[in-house]
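Chemist: Each chain, written out:
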Amino acid sequence: MNISYNLLKDLIDFDLSPDETAKALTRVGLAVEGVHTVGGDFVLDIDLTSNRPDCLSHLGVARELSISLDRELKLRPVEAEMPMPPVLAGDVVRVDASDLCHRFTARIIRGVKVGPSPQWLVERLESIGERSINNVADITNYVMHELGQPMHSFDLDKLSGNRIVVRRAADGEKITTLDEVERELDSSMLMICDAEKPVAVAGVMGGIESGISDETTNVLLEVAYFDRASIRATSRNLGLATEASYRFERGVDIDNLKRASDRAVELICELAGGEKGEFIDIYPTHQTATIVVSNDISASVKRLTGLNVDEVECDRILTRLGIARQPDSNEYKSPSWRHDIAIEEDLVEEVARHFGYENIESELPPAYGAGEYLPSEDRIRSVRSALSALGFSEAMTYSFIDVEHDDKFDLVTVQDSNSGFVTLKDAVIEGAVRMRPTMLPGLLDAVRLNLNYQRRNLKLFEIGKAFIGGGNGQLPSEPRLLTIALTGSEVFASTVADGRGQDLFDAKAAFETVASTLGISMPEFRSSAAKHLTAGRAADVYVDGVLAGSVGRLHDSIASNYKLKRDVFVGELLLDVLLSASPESVVYKPLPRFPGVSRDVTFAVDRNFQYSSLAAAATTDDTLFDGSKLVGTFERDGERTITIRLNYRSDDRTLTDNEVEAVHNTVLANIQHSLGLSPKA
Amino acid sequence: MDTNTEQLKPLIADEIAALSSINVDGLSLDECEAKRREVADTRIRLLGKKSELANLKKSIGAITAEDRAAFAQNVQSLEREITEAIESAESSLDRKLADLKNEAERVDVTLPGRRIAPGSHHPITVLRQRIEDIFVSMGYTIEDDREIETDYYNFDALNIPENHPARESQDTFYTTDGFALRSQTSTVQIRAMERRGVPIRILAPGKVFRRDTPDMTHTPMFHQLEGLCVDKGITMAHLKGTVTEWLKRLFGPDTVTRFRPSYFPFTEPSAEFDFSCFKCNGTGEFEGDRCRPCKGSGWIELGGSGMVHPNVLRACGVDPTVYSGFAFGFGLERMTAMMYNIDDIRHMFENDVRFLEQFR
Ligand SMILES: [Zn+2]
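For the protein sequence lines, the chains are U and D, in the order given. The first sequence lines up with residues 1 to 681 when you count with the working numbering. The second sequence lines up with residues 1 to 360 when you count with the working numbering.
FYI, nobody ran anything at the bench for these hints, they're computed from the structure. Ideal placement from N, C-alpha and C gives every residue a C-beta, glycine not left out. Certain hints may be false.
Pairs of lysine-lysine, BS3-like flavour, derived with a Cα cap of 25 Å [said to hold, decoys possible]:
1) Lys9/D - Lys101/D
2) Lys232/D - Lys302/U
3) Lys531/U - Lys565/U
4) Lys680/U - Lys629/U
5) Lys74/U - Lys302/U
6) Lys23/U - Lys96/D
7) Lys565/U - Lys589/U
8) Lys35/D - Lys50/D
9) Lys23/U - Lys74/U
10) Lys57/D - Lys425/U
11) Lys9/D - Lys57/D
12) Lys232/D - Lys23/U
Quick partial rundown of chain U residues pointing at chain D, CB under 10 Å, derived from the structure [unchecked claim]:
13) Tyr373
14) Leu387
15) Asp426
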């Protein structure tokens, strides 16, 4: 919003420099973004908040200055004038849709000579960024910027029947607006019409046929107040936003119409000649002012802002703003130009911003209880740190993904068959209308991007929400996920030498590290048939017997969609399953006082054999058995062996060979019994 | 003096001379090891079970009683001389050997350590955690809630009326079921007040969504941080004090703040807050140039704030004539971009590791 420093001075006397003016306005909430020189004038660029349409004019801005200046505005009183009697006025203006047109005024000026504007007017318009067209059009534009009231001038002789009807459009009716676009109308739109057809889209833009031209001699000047919501809807539906619609939809001053009309008519008669006719004013229901009650405004200011502003100063500020306290009462009358004053707190803000936010003290609230993090924040922080120490970088991807990912991934978030996707009505990133049910696509996009930048060795993780289910008026669920993706080799911090190539067991290690960090039991990995993973190198992950997710090598078909030519390993876990697993408690075991004995045993197994079955079978009730651990698995020429170490120990003696042999044979017998395996000779 | 020891003496003197003549200087590892083996042989020859000295000791039974003490003394002194000479030779050879072996293991200590490349925390996480820590220490409880919300929580309860521009769907994402992706974390204010009641002090960081096409300063998803304090007797002075305090803790004790009147539907009165630029300390100039984070103004515009609107309090069942409160909020991406001088906030969601690994 451009404000001319010179025009401001027409409305109030002040001796602030342009920069001082800018500071004074910013201080009260009219943020001046810049001050520029245009010709002999200065222009203040004000960024207005949406609640202050009254400041979309020089009058409104001058009023804001009047408080700190403590000075009256230079406004002449509006001339009292009897409007044309309704019986006669009805022949010129008829309002059929008074629900959308709350007030309509008009005046006819005859004998006008349309021509160029005088230099001063051209310059004034230029400084606020407007182009001069002709004297009549310039005057209506100028008065809008000066007083805030949009208006429209018609060529009276081009109005069929020389009259105006304010009505809703008929469906399918058409009008070509001043921008030379033919527009189709519907019955929700308010139109200014002549005896036959629409001649202007009310409050938005005039029609091209009835507009002022060089030949115009008789002008009908319309100055009206339209329903805000109606103008907003029409402007939106037509895709047509103008300076007029901008002001009307935010709200103009219904009691300012005569002043604005008089001002424009005066300038037209002065600059274009002509003789004004009677004032037509159709204002069926006078707007009632909003009354705000405040029993002790000074106390309320103190209560909300801590400022000490006495009642006299409160009243002075409010009065200057046009918020009049009714004599001997606790009622304050909101002015017709303010649509944002409704409750006492609004009055408090008016007083506080003019008294000055800079005068508000700075103090901490009285001490209160102890602060708290989110219940699992400390554990999630340790998970982040653990993964970061393993070389994983934390990624953050958009929560909306392309629909093309549908059905390509097995979703850990889907807990029952009727969990549908959550979909957006539309997207700002093409195709991305699906609220992610998995974070894998986002992370794979990141892998793709980094491979494009020749980063071949990657470890990424993300912690965030997925969205699934809902429907039938139910909000979707928002499970939290922990997702990882890795590819390439281990990387060292300070050398370029690639380390070991990463595989499934690095991905598993990441999840095992997370479990260990959380202090919960080690997850269990079982062969998975997840469709986004490669069979034989995929595992479902269980935590305390609950399915928490999956991990494995990305399926070739998905890898090729992403143009990934290398092995990529991915995993996704429901974070809430991990966080709700109870941490294992620490149980101290006395240190062993006697040496233990270990026996390594090798079994020949086939390729599909699962170590987990051996680990489970290698056991006995005998207390001398002290557990088993994997030594390794070896494969050559299609023959596979697994070697495990079986441990034996007693708490109260050194075991004899015979004792060890006896337990060892029991364990081997159990393995033989469960799996049919005998130690390899 | 007995003849046997007398006969042995010159022999032993020669051996001792040979031992003490060993010079380790300039020996190679092999030579040194050979010499060490020779000394070991000498030890066996002179002090072993079959040595002359051992035989001598065995002959003590044949010595007359009156000569026995002197004999024993002689033998012992011989034995001591030999032992000293051998041990001295052994230790100088052993020292030399250790030196030579360590020398063979000499490394370039300036080569880098064998460290697996560490990963990183996302910059938004880093800043969020720092700010959470500050607020928890100030007695605030961290809160978060749903990201997909009803219109009630996203708008109505926040006093954003049906026809308000902020409600126009060009700003807000909607699901096909008619739910909104929350467009501000203020939704958490409502849910938290409903859940916990008042008095309340919370900080709610989280993702929010607006229908902005990504460009250098906008992304359709970003993070906001929202603070709320409701109690009896809370004023704007407490808002100012709180915002100033946490900014001081984040940017240093010289930080000052500025509050400017503004408008938000959920606060009344409302204010935007700025803080003195952390780079130029509010001077607008840095190393002779126009300061970048504050664009030369000395101030950084950070967020919105105000006293919680009575309609919002009422919506949460709180009596605004008894309680008052302040709220403030700001965007984490913008703040992160400013702190690290990141020119394009889209980097935050591209996950280029060259970007990510700069933050720890
Ligand atoms: Zn600066």
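Chemist: Are the hints correct? Go through all of them and say.
Modeler: Hints and how they fare:
1. For the proposed pair lysine 9/D and lysine 101/D, the alpha carbon gap of about 37 Å is over 25 Å, so the pair is violated.
2. The straight-line distance between the Cα atoms of lysine 232/D and lysine 302/U is roughly 13 Å, inside the 25 Å bound, and the hint therefore holds.
3. Distance hint between lysine 531/U and lysine 565/U is fulfilled; the C-alpha atoms sit about 19 Å from each other, no more than 25 Å.
4. For the hint linking lysine 680/U to lysine 629/U, the alpha-carbon distance of about 17 Å falls within 25 Å, and the restraint holds.
5. Between lysine 74/U and lysine 302/U the alpha-carbon distance is near 33 Å, which puts this suggested pair outside the 25 Å criterion.
6. A threshold of 25 Å between alpha carbons decides the hint, and for lysine 23/U with lysine 96/D the separation of about 84 Å lies outside it, so the pair is violated.
7. For the hint linking lysine 565/U to lysine 589/U, the alpha-carbon distance of about 50 Å lies beyond 25 Å, and the restraint is violated.
8. About 22 Å separates the Cα atoms of lysine 35/D and lysine 50/D, which keeps this hinted pair within 25 Å; it holds.
9. Taking the CA atoms of lysine 23/U and lysine 74/U, the gap is about 22 Å. The hint holds against a cut of 25 Å.
10. About 108 Å separates the Cα atoms of lysine 57/D and lysine 425/U, which puts this hinted pair outside 25 Å; it is violated.
11. Proposed proximity of lysine 9/D and lysine 57/D is supported: the alpha carbons are some 15 Å apart, at most 25 Å.
12. Proximity of lysine 232/D to lysine 23/U is assessed by CA-CA distance (about 34 Å); at most 25 Å being required, the pair is judged violated.
13. Because the closest C-beta pair between tyrosine 373/U and chain D is about 5 Å apart, less than 10 Å, the hint holds.
14. Against a cut-off of 10 Å between C-beta atoms, the interface hint on leucine 387/U holds, since the closest Cβ of chain D lies about 6 Å away.
15. Satisfaction of the interface hint for aspartate 426/U is found here, the shortest Cβ-Cβ separation to chain D being roughly 8 Å, below the 10 Å cut-off.
Hints 1, 5, 6, 7, 10, 12 from the list above are not met by this structure, while the remaining hints are.
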